[in-house]
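Chemist: Each chain, written out:
Protein chains: 4
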Amino acid sequence: MIVILKQNPDKAQLDMLTKWLDDMGISVHTTVGHLQTILGLVGDTSKIDIDLIQALDIVEDVKRVQEPFKNANRKFHPDDTVVDVGGVKIGGGNFQVIAGPCSVESEEQICAVAKAVKASGATLLRGGAFKPRTSPYSFQGLREDGIRLLVEAKRETGLPIVTEIMDLSQLGLYDDVDMIQVGARNMQNFELLKELGHLRKPILLKRGLSSTLEELLMSAEYIMAGGNEQVVLCERGIRTFETYTRNTLDISAVPVLKDLSHLPVIVDPSHATGKHSLVPPTALAAVAAGADGLIIEVHNDPAHALCDGPQSLTPKNFERLMRSIDALRPYAYEREA
Amino acid sequence: MIVILKQNPDKAQLDMLTKWLDDMGISVHTTVGHLQTILGLVGDTSKIDIDLIQALDIVEDVKRVQEPFKNANRKFHPDDTVVDVGGVKIGGGNFQVIAGPCSVESEEQICAVAKAVKASGATLLRGGAFKPRTSPYSFQGLREDGIRLLVEAKRETGLPIVTEIMDLSQLGLYDDVDMIQVGARNMQNFELLKELGHLRKPILLKRGLSSTLEELLMSAEYIMAGGNEQVVLCERGIRTFETYTRNTLDISAVPVLKDLSHLPVIVDPSHATGKHSLVPPTALAAVAAGADGLIIEVHNDPAHALCDGPQSLTPKNFERLMRSIDALRPYAYEREA
Amino acid sequence: MIVILKQNPDKAQLDMLTKWLDDMGISVHTTVGHLQTILGLVGDTSKIDIDLIQALDIVEDVKRVQEPFKNANRKFHPDDTVVDVGGVKIGGGNFQVIAGPCSVESEEQICAVAKAVKASGATLLRGGAFKPRTSPYSFQGLREDGIRLLVEAKRETGLPIVTEIMDLSQLGLYDDVDMIQVGARNMQNFELLKELGHLRKPILLKRGLSSTLEELLMSAEYIMAGGNEQVVLCERGIRTFETYTRNTLDISAVPVLKDLSHLPVIVDPSHATGKHSLVPPTALAAVAAGADGLIIEVHNDPAHALCDGPQSLTPKNFERLMRSIDALRPYAYEREA
Amino acid sequence: MIVILKQNPDKAQLDMLTKWLDDMGISVHTTVGHLQTILGLVGDTSKIDIDLIQALDIVEDVKRVQEPFKNANRKFHPDDTVVDVGGVKIGGGNFQVIAGPCSVESEEQICAVAKAVKASGATLLRGGAFKPRTSPYSFQGLREDGIRLLVEAKRETGLPIVTEIMDLSQLGLYDDVDMIQVGARNMQNFELLKELGHLRKPILLKRGLSSTLEELLMSAEYIMAGGNEQVVLCERGIRTFETYTRNTLDISAVPVLKDLSHLPVIVDPSHATGKHSLVPPTALAAVAAGADGLIIEVHNDPAHALCDGPQSLTPKNFERLMRSIDALRPYAYEREA
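Residue numbers (the numbering used here), protein chains in the order written: chain A, 1 to 337; chain B, 1 to 337; chain C, 1 to 337; chain D, 1 to 337.
Just so you know, the hints here were simulated from the structure itself, not pulled from any lab data. Be a bit skeptical, because a hint or two may be false.
Which copy? The list can't say, so a pair holds if one copy fits it or any two copies do.
[Unchecked claim] List time: in silico BS3-like cross-link candidates among lysine-lysine, alpha-carbon distance up to 25 Å:
no. : residue 1 : residue 2
1   : Lys47     : Lys63
2   : Lys115    : Lys6
3   : Lys63     : Lys75
4   : Lys118    : Lys19
5   : Lys70     : Lys275
6   : Lys63     : Lys89
7   : Lys6      : Lys47
8   : Lys316    : Lys115
9   : Lys89     : Lys11
10  : Lys11     : Lys70
11  : Lys89     : Lys118
12  : Lys194    : Lys70
13  : Lys75     : Lys11
14  : Lys6      : Lys316
15  : Lys316    : Lys275
16  : Lys6      : Lys75
17  : Lys47     : Lys75
18  : Lys194    : Lys6
19  : Lys6      : Lys63
20  : Lys194    : Lys115
21  : Lys89     : Lys70
22  : Lys47     : Lys201
23  : Lys115    : Lys89
24  : Lys275    : Lys47
25  : Lys115    : Lys275
From just these sequences and the hints, can you work out the full model?
Modeler: So, in structure tokens, the structure goes:
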């Protein structure tokens with residue numbers, strides 16, 4: 001950490017700061033310049049509250065030079081983490097496709113879609129039971145019943161299931177869910193993250209609409225700090241000024257996250273683009289960039305989906321995409337160790 | 001609502017759509033152009049799921065022409081709503097300043113700050129008990145104890161109190177809290193919003209970092225749909241590419257929200273800018289633009305605040321700002337009815 | 001075009017508007033709703049000034065339903081345009097890699113890089129002669145001399161050359177340049193675009209840092225309206241809140257632009273990411289998404305490049321990337337006609 | 001400037017770097033940490049090319065601790081600059097309103113508006129002769145004739161005139177123009193900025209749609225480096241995800257720019273909001289925040305303006321706004337020296 005002092009800092013305050021850092025086991029190296037004095041802080045600065053220092057009268061600016069995350073940091077854990085979801089491995093060379101409808105609507109629907117996506121090669125089933133909707137007047141999901149139907153589909157197909165949690169109070173319903181999804185809007189629901197850190201169940205953590213990659217990793221850190229290291233990161237598009245697509249898929253997030261962290265990284269092209277015609281090209285791009293998996297919306301009848309219809313693929317289009325993915329995968333980018 | 005059809009739409013699908021809309025009490029007016037056919041939908045379209053229509057094969061695009069919020073909409077409630085917080089009125093010409101520390105740290109601290117801000121003219125006390133922090137290693141607030149200390153400060157000064165809730169499970173602790181704050185990161189925590197809709201207590205709803213004004217109003221709608229109409233909207237800066245300030249204060253949000261809605265609108269210049277030196281000019285700007293109030297961080301010793309120090313004012317600077325606000329207020333913008 | 005009127009519009013003004021539209025050959029279909037009246041405008045609305053209508057007292061909002069670009073629009077020109085740059089074809093199934101240094105620095109440098117990239121399979125040579133730099137104190141390019149050296153490198157290697165123009169006054173120097181690049185900062189330099197429209201030379205048009213895809217196509221339209229149809233579009237990253245990468249590569253831009261327009265689309269992974277280690281994964285992603293080409297910075301000695309060093313590949317890394325591209329290309333996304 | 005080295009940097013490269021810096025008169029202070037070595041660079045680092053250092057293999061990151069602008073920097077010129085435009089002073093306590101139509105349309109129009117705004121208290125006349133329009137099919141301004149008409153309006157009213165230049169080739173036409181405006185899209189047209197630096201005429205420099213405040217100051221630096229110190233900065237709204245307003249007025253830009261620089265700062269509420277009803281509240285906000293002036297669009301007949309009608313005030317509304325500004329001005333924020 002670098003602390004840049006204002007011109008002519010008050011001597012007494014500077015001594016107090018130096019002593020306080022010293023007490024925390026941080027050593028301070030001072031560089032005196034013409035217009036500024038710079039303090040180089042050496043030691044474990046990840047637990048220093050940057051705001052505390054920035055608040056001091058003598059301080060002009062503070063710059064971090066070390067990532068503030070530890071458990072999620074590849075520097076401390078060079079090897080890829082492999083997350084096991086009901087026997088299906090993600091990461092460390094294991095590529096998986098999670099597929100299913102936006103919302104669970106009925107037993108027929110979820111079981112039909114589950115069978116179709118399994119036949120095309122998907123290895124995990126997704127489906128929304130609790131649905132975050134911008135409007136209180138939109139369909140909010142089948143809730144408890146939705147989870148029950150997912151479990152039924154899992155029983156029929158053997159596919160482990162992934163579904164979103166919206167509130168801590170729902171946690172009791174997720175015993176038979178194989179992987180709990182934290183949605184974009186909940187990426188910084190810190191109370192939820194802490195509680196999920198006490199589980200020993202894989203978590204699919206989606207990037208917030210306007211969250212930086214560092215913030216995403218700090219949210220993973222919340223879960224991991226509780227002891228749960230089974231976290232899969234998911235890029236699902238960020239909010240920008242461009243309105244043609246629902247969000248802007250940040251494709252660089254894939255190699256960046258894999259450089260900074262040992263956690264698996266998957267991509268959600270359905271939510272990133274919001275248009276089914278854009279799912280195949282962006283899904284292939286994610287594979288090429290080195291993603292460890294994809295999560296894709298598939299519906300047997302997109303025209304009648306209760307939500308997010310415009311971005312869902314038909315089973316037939318999904319099958320075609322899976323064949324393209326299989327063909328391209330051997331030529332995807334591989335990170336150098 | 002306007003539905004733009006693709007060229008040569010399938011007749012059977014078009015008939016199905018028209019019938020479905022008809023069943024919902026919506027009448028359809030058709031305009032046939034050279035390249036496109038346009039359907040004008042007339043009736044109460046606020047409950048139509050736009051995604052459902054967009055998913056149809058024959059549809060190229062759907063455009064809403066009516067705001068999707070009703071309870072929060074000024075068109076249906078032309079008069080300003082006045083929110084009463086423990087006897088203190090906000091909105092409809094009533095201007096209030098909410099002040100206090102970022103975090104409650106101790107009884108001495110919160111009571112000293114409470115007395116100071118009251119003496120300068122603040123009419124409501126704020127203070128964080130549960131603190132959303134990006135890092136799990138940062139101070140997370142005194143939690144239950146923090147609320148207890150706020151209630152103590154209220155007993156000593158008579159100031160009604162405002163504090164943030166981070167999770168539904170904490171709701172039982174808020175009985176003596178006069179106004180519950182929903183933070184930016186929780187603006188789309190829909191389960192929380194629904195539950196707050198069942199209370200009869202004022203809610204301070206902060207705009208999310210990357211939420212549109214329409215989304216903010218839809219979140220207010222979630223609360224109001226449950227029957228709780230005591231909602232105060234708060235602009236607190238949005239996330240943009242500019243990094244000099246912590247966020248970008250969207251000053252236009254004040255007149256826009258007051259045009260679109262009858263709810264009171266306040267501004268948080270402390271979080272919007274992240275720098276105490278920028279609080280006075282932006283606070284005065286918010287008053288000039290017609291805000292119904294301000295929420296400002298004040299700390300008796302900013303250099304030792306446990307969080308958000310850089311953006312807090314000293315009581316002395318707060319006093320000076322309050323005098324400037326008093327002087328400027330009579331010349332602020334007034335919306336024409 | 002859809003015009004939404006305010007409640008109870010003034011009859012005389014409405015008649016005036018209808019007559020004015022009628023005179024322009026636009027027919028108007030009216031839908032009267034409870035809260036709003038909607039006018040559907042049918043005819044060639046691309047030349048109607050949307051601002052003019054929006055300014056009318058009786059108008060609440062105007063929504064376009066037709067793209068405002070014509071020459072660049074795939075609806076009117078379904079077949080892919082193939083741009084010929086000194087005998088090298090881009091688009092319509094022809095994939096090309098443009099490579100070379102950020103800045104031309106010396107004859108040795110540009111010729112050495114040209115030979116190296118040609119040996120690896122690049123078919124066009126890039127190199128900056130006039131350099132847009134944020135700071136007046138940074139190296140501004142060799143200017144006239146830079147172009148002279150590029151022409152020399154073309155003579156030695158046979159590679160057609162691509163270089164950026166920064167101002168109309170430089171146009172006389174570009175006679176021997178095969179393709180003129182309009183940089184991101186000049187994407188809306190309309191006087192420059194108009195003049196380039198009078199040439200019969202290929203133009204490489206880069207998307208502005210915060211330009212929408214529609215604005216990019218409107219800038220292409222400026223060039224094409226002058227009669228020059230040889231335009232190649234280039235996605236090079238947009239400005240967002242994320243600061244880890246220099247810009248955010250909008251990978252969806254590739255399929256979206258190819259859907260909306262018949263012009264070739266290439267990607268610049270070097271400027272989009274700003275880090276050479278991110279160039280290979282994002283370049284492969286662009287190929288997978290269906291791009292018609294890439295423009296990549298290559299330097300023989302990145303550590304001594306006079307500008308943009310951090311994002312340049314060494315010839316050795318470029319060679320390795322070209323082999324990966326060759327392997328992946330057959331499995332890239334192909335747009336359905 | 002701070003240079004953060006990778007773990008175990010190559011000794012030879014490090015020596016080379018240190019020597020190179022030494023030769024430039026920069027002294028280097030080294031702090032060796034467990035995971036990183038940090039170099040503190042002391043001396044005049046404003047002319048060091050940050051990219052050059054970042055490109056070195058041994059370097060992980062470079063952080064600037066000093067602003068890269070000098071002539072525009074308040075640290076080196078503590079006193080406010082006062083810009084004189086044809087006898088009208090802006091800055092250093094002098095507040096001015098520039099008003100006029102978006103486009104000059106006819107002699108009657110420009111003279112009528114000029115007289116009206118002068119009568120209401122505007123001291124400078126604006127009007128577009130060359131108009132940057134997104135579409136080649138929109139009205140492009142009266143060009144040479146527009147400037148002639150502006151000069152005529154100046155002759156009739158005595159108001160100095162301000163108008164935009166779009167290309168260097170037009171410079172010869174601006175002899176009788178009192179202040180040349182550089183529009184948002186040209187803020188980084190560096191060739192134009194350099195040339196304007198050789199003039200001795202005031203320049204109104206508008207912030208680019210997605211330019212940071214530092215970039216705006218660097219563009220001012222381009223002009224000032226040429227010797228022209230008469231630069232007025234203008235905040236006119238930035239591009240964000242919010243679509244309700246045309247742009248997002250960054251009100252904090254006013255106090256930030258005035259802290260960082262000695263140049264006058266004005267605000268353009270018309271382009272920032274794009275809606276005439278939002279001009280009065282945001283104009284008052286800008287005054288309250290301490291702006292040195294405003295630039296406001298006024299049209300005698302907004303319904304027939306040839307461009308940008310929706311954001312123009314009528315002379316009557318402008319008169320009302322000027323009275324509100326006069327009343328509020330004495331209570332605006334004043335920067336402490």
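Chemist: Is it within a copy, between copies, both, or neither that the alpha carbon of lysine 115 lies no farther than 25 Å from that of lysine 275?
Modeler: within (24 Å within a copy, 43 Å between copies)
Chemist: I want to check one pair: lysine 316 and lysine 115. Are their C-alpha atoms no more than 25 Å apart within a copy, between two copies, both, or neither?
Modeler: Result: close within a single copy only, 13 Å intra versus 47 Å inter.
Chemist: Is it within a copy, between copies, both, or neither that the alpha carbon of lysine 47 lies no farther than 25 Å from that of lysine 75?
Modeler: within (17 Å within a copy, 34 Å between copies)
Chemist: With 25 Å as the alpha-carbon cut-off, assign the pair lysine 6 and lysine 47 to within, between, both or neither.
Modeler: The answer is both: 24 Å in one copy and 22 Å across copies each meet 25 Å.
Chemist: Taking 25 Å as the upper bound on the Cα-Cα distance, should lysine 118 and lysine 19 be classified as within, between, both, or neither?
Modeler: Close neither inside one copy (62 Å) nor across copies (36 Å); limit 25 Å.
Chemist: Checking an output row: lysine 89 and lysine 70, CA cutoff 25 Å. Within, between, both or neither?
Modeler: within (23 Å within a copy, 47 Å between copies)
Chemist: Evaluate lysine 6 and lysine 316 at a C-alpha cut-off of 25 Å and name the case that applies: within, between, both or neither.
Modeler: Between copies only: 22 Å across, 64 Å inside.
Chemist: Which holds for lysine 275 with lysine 47 at a C-alpha limit of 25 Å: within a copy, between copies, both or neither?
Modeler: between (43 Å within a copy, 22 Å between copies)
Chemist: I want to check one pair: lysine 89 and lysine 118. Are their C-alpha atoms no more than 25 Å apart within a copy, between two copies, both, or neither?
Modeler: within (16 Å within a copy, 42 Å between copies)
Chemist: Reference check for the pair lysine 47 and lysine 201, CA-CA at most 25 Å: within, between, both, or neither?
Modeler: Neither, since 27 Å and 38 Å both go past 25 Å.
Chemist: Is it within, between, both or neither when you check lysine 316 against lysine 275 at 25 Å Cα-Cα?
Modeler: within (16 Å within a copy, 39 Å between copies)
Chemist: Give the relationship of lysine 115 and lysine 6 under a CA distance limit of 25 Å: within one copy only, between copies only, both, or neither.
Modeler: Answer is neither: 65 Å inside a copy and 32 Å across each miss the 25 Å cutoff.
Against the hints set out earlier in the document, violations occur for numbers 2, 4, 6, 9, 10, 18, 20, 22.
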